[in-house]
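A.B. asks: Each protein sequence line maps, in turn, to chains A and B. Residue numbers for the first sequence follow this note's numbering, so the first one is 1 and each next one is one higher. Residue numbers for the second sequence follow this note's numbering, so the first one is 1 and each next one is one higher.
Note that these hints are calculated values from the structure, not bench results. The structure presented is a predicted model; accordingly, all values stated were derived computationally and were not measured. Don't take each hint at face value.
Said to hold, decoys possible - Chain B side only, calculated, beta carbon under 7 angstroms to chain A, not exhaustive:
hint, residue
1, T175
2, L180
3, M183
4, G267
5, P268
As the list claims (entries may be wrong) - Restricting the straight-line Cα-Cα distance to at most 25 angstroms, the calculated cross-link-like pairs of lysine-lysine (BS3-like) are:
hint, chain 1, residue 1, chain 2, residue 2
6, B, K153, B, K56
7, A, K35, B, K205
8, A, K97, B, K254
9, B, K193, A, K35
10, B, K139, B, K56
11, B, K222, A, K97
12, B, K176, A, K97
13, A, K65, B, K178
14, A, K35, B, K199
15, B, K174, A, K97
16, A, K35, B, K137
17, A, K35, B, K176
18, B, K222, B, K254
19, B, K153, B, K137
Each residue gets a CB set at the ideal place from its N, CA and C atoms; glycine is no exception.
Next come the chains, spelled out residue by residue.
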Amino acid sequence: MVVDIDEKSLKHGVLGLVIALVEIIRDALNLQAIKRMEGGSLTEEEIERLGQALMELDAAIEEIKQEQGIVESVRSVRDGLDEVVDDVLDRMINPEKWRQEAEK
Amino acid sequence: MSLETQHRAKTKVALATEAIVEEEGRYVYCVADAREDMSLGKIGIEGHKVHTIPHKDICAVVHSCSAQPYQSDDQEVVKAWVRMHQKVVDAAWERWDTVLPLSFDTIIRGEAEKSAEQNVKDWLKQEYEEFKRRIKKVKGRAEYGVQIFWEPKVIAQSLTSTSPQIRRLDEEIKTKPKGLAYMYRQRLENLMKHEMETKADEYFKDFYGRIRKYTDDVRVEKTKRAEPSLQMIMNLSCLVYRDRYTELGEELGKINRMRGFAVRFTGPWPPYSFVGGA
Numbered sequence: 001m002v003v004d005i006d007e008k009s010l011k012h013g014v015l016g017l018v019i020a021l022v023e024i025i026r027d028a029l030n031l032q033a034i035k036r037m038e039g040g041s042l043t044e045e046e047i048e049r050l051g052q053a054l055m056e057l058d059a060a061i062e063e064i065k066q067e068q069g070i071v072e073s074v075r076s077v078r079d080g081l082d083e084v085v086d087d088v089l090d091r092m093i094n095p096e097k098w099r100q101e102a103e104k
Numbered sequence: 001m002s003l004e005t006q007h008r009a010k011t012k013v014a015l016a017t018e019a020i021v022e023e024e025g026r027y028v029y030c031v032a033d034a035r036e037d038m039s040l041g042k043i044g045i046e047g048h049k050v051h052t053i054p055h056k057d058i059c060a061v062v063h064s065c066s067a068q069p070y071q072s073d074d075q076e077v078v079k080a081w082v083r084m085h086q087k088v089v090d091a092a093w094e095r096w097d098t099v100l101p102l103s104f105d106t107i108i109r110g111e112a113e114k115s116a117e118q119n120v121k122d123w124l125k126q127e128y129e130e131f132k133r134r135i136k137k138v139k140g141r142a143e144y145g146v147q148i149f150w151e152p153k154v155i156a157q158s159l160t161s162t163s164p165q166i167r168r169l170d171e172e173i174k175t176k177p178k179g180l181a182y183m184y185r186q187r188l189e190n191l192m193k194h195e196m197e198t199k200a201d202e203y204f205k206d207f208y209g210r211i212r213k214y215t216d217d218v219r220v221e222k223t224k225r226a227e228p229s230l231q232m233i234m235n236l237s238c239l240v241y242r243d244r245y246t247e248l249g250e251e252l253g254k255i256n257r258m259r260g261f262a263v264r265f266t267g268p269w270p271p272y273s274f275v276g277g278a
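Chain A extracted, bound-state conformation (with noise of 0.2 angstroms):
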């Protein structure tokens, strides 16, 4: 494979890995939220602020990927990771794939 570095794409490319990364914890952080808020630890009060916190922070990820136009590129990292994760999962919990695999 050729590797065409050009410096604009590699910004996007790079700015665009970064953002996905941090939505990919901001989802981490969100998920942990309602965790603990089903769980009932927390308050009223702390919950309205934790919602006001990940709210802020989704706007800022919002307004990052508009302004650099990374909407597409920060898609197609997630994309890509989730077809990893699916591939590995694919092959740890899938016997046809065992077969297949013993069979090479």
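Mind docking chain B on chain A? Use the hints.
C.D. replies: Okay, now just chain B, sitting in the frame of chain A:
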């Protein structure tokens, strides 16, 4: 299907790459259920003349070439080759009804003491029983592609109106201050995702059962990412007896008419997905 075939093909033909450039080979399109020794004219890849090599009541459909695999860095060129490959398989299939398609770029080469033509003959002879077995498995049938999509938006809407839990949460959000509303919305989204997955599973089982009735064999393929507004929830290759095709079509029509669902029904194809393996 064509693109996957070509990628696989590149690695599969290591056999042929070992050969010397000028060596003679036979590019094999398919094995047909026919006792034929004839030419099919210049319908092959790059206008090559296609002919059959018979053994008993089966024959290989081939063209003569050098023992070099077809390779190019240009995707368009490769696509054109693969299309020609499929065209020849189609032609053989229309003519003889039952064929076993081979993947793109399958080349059998000659050896010092044995011509490529003879090598193909020996191959047919050696694998004769296996070919007959596979021919029996696909005879009188054709392959159809069935892809079922749903519109997540429409499905989500109907979930909101039918699931009391989701509706309650949806109502509650409207009364909450910003931060809380955000958290509840996240929760709602998670709940929704979970419900959608459960629904997709239910529909998959339901549709699969209904489709299975009209098919001789079904292969579950990986779903592909379509657009966000239309999500593929099922991707099947179906081996169908030719006289059951209409019934399958009618069943799929019923699914297609369901709100928020769409069906793509393609074929008939030569049984590409059902000639390998068991």
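A.B. asks: It remains to establish, for every hint, whether it holds in the given structure.
C.D. replies: Here's how the hints hold up against the structure:
1. T175: Hint on T175(B): violated, closest Cβ of chain A at ~13 angstroms, above 7 angstroms.
2. L180: Holds: closest Cβ of chain A sits about 5 angstroms from L180(B), inside 7 angstroms.
3. M183: Hint on M183(B): holds, closest Cβ of chain A at ~4 angstroms, below 7 angstroms.
4. G267: violated (24 angstroms)
5. P268: P268(B) check fails; min Cβ-Cβ to chain A is 26 angstroms, beyond 7 angstroms.
6. K153(B) x K56(B): Violated. K153(B) to K56(B) sits at ~58 angstroms, over the 25 angstroms cutoff.
7. K35(A) x K205(B): With a Cα-Cα distance of about 31 angstroms, the restraint between K35(A) and K205(B) is violated, given a limit of 25 angstroms.
8. K97(A) x K254(B): Not OK: K97(A) and K254(B) at ~33 angstroms, beyond 25 angstroms, violated.
9. K193(B) x K35(A): holds (16 angstroms)
10. K139(B) x K56(B): The given pair, whose Cα atoms are some 18 angstroms apart, holds under the 25 angstroms limit.
11. K222(B) x K97(A): holds (13 angstroms)
12. K176(B) x K97(A): Since the Cα atoms of K176(B) and K97(A) sit roughly 48 angstroms apart, the hinted pair is violated (cutoff 25 angstroms).
13. K65(A) x K178(B): It holds: about 23 angstroms lies between the C-alpha atoms, which stays within 25 angstroms.
14. K35(A) x K199(B): holds (23 angstroms)
15. K174(B) x K97(A): With a Cα-Cα distance of about 47 angstroms, the restraint between K174(B) and K97(A) is violated, given a limit of 25 angstroms.
16. K35(A) x K137(B): With Cα atoms ~53 angstroms apart, K35(A) and K137(B) exceed 25 angstroms; violated.
17. K35(A) x K176(B): holds (19 angstroms)
18. K222(B) x K254(B): Judged against 25 angstroms, a Cα distance of about 23 angstroms means the pair holds.
19. K153(B) x K137(B): Violated. K153(B) to K137(B) sits at ~41 angstroms, over the 25 angstroms cutoff.
In summary, the structure is inconsistent with hints 1, 4, 5, 6, 7, 8, 12, 15, 16 and 19 from the numbered list given earlier, while agreeing with the others.
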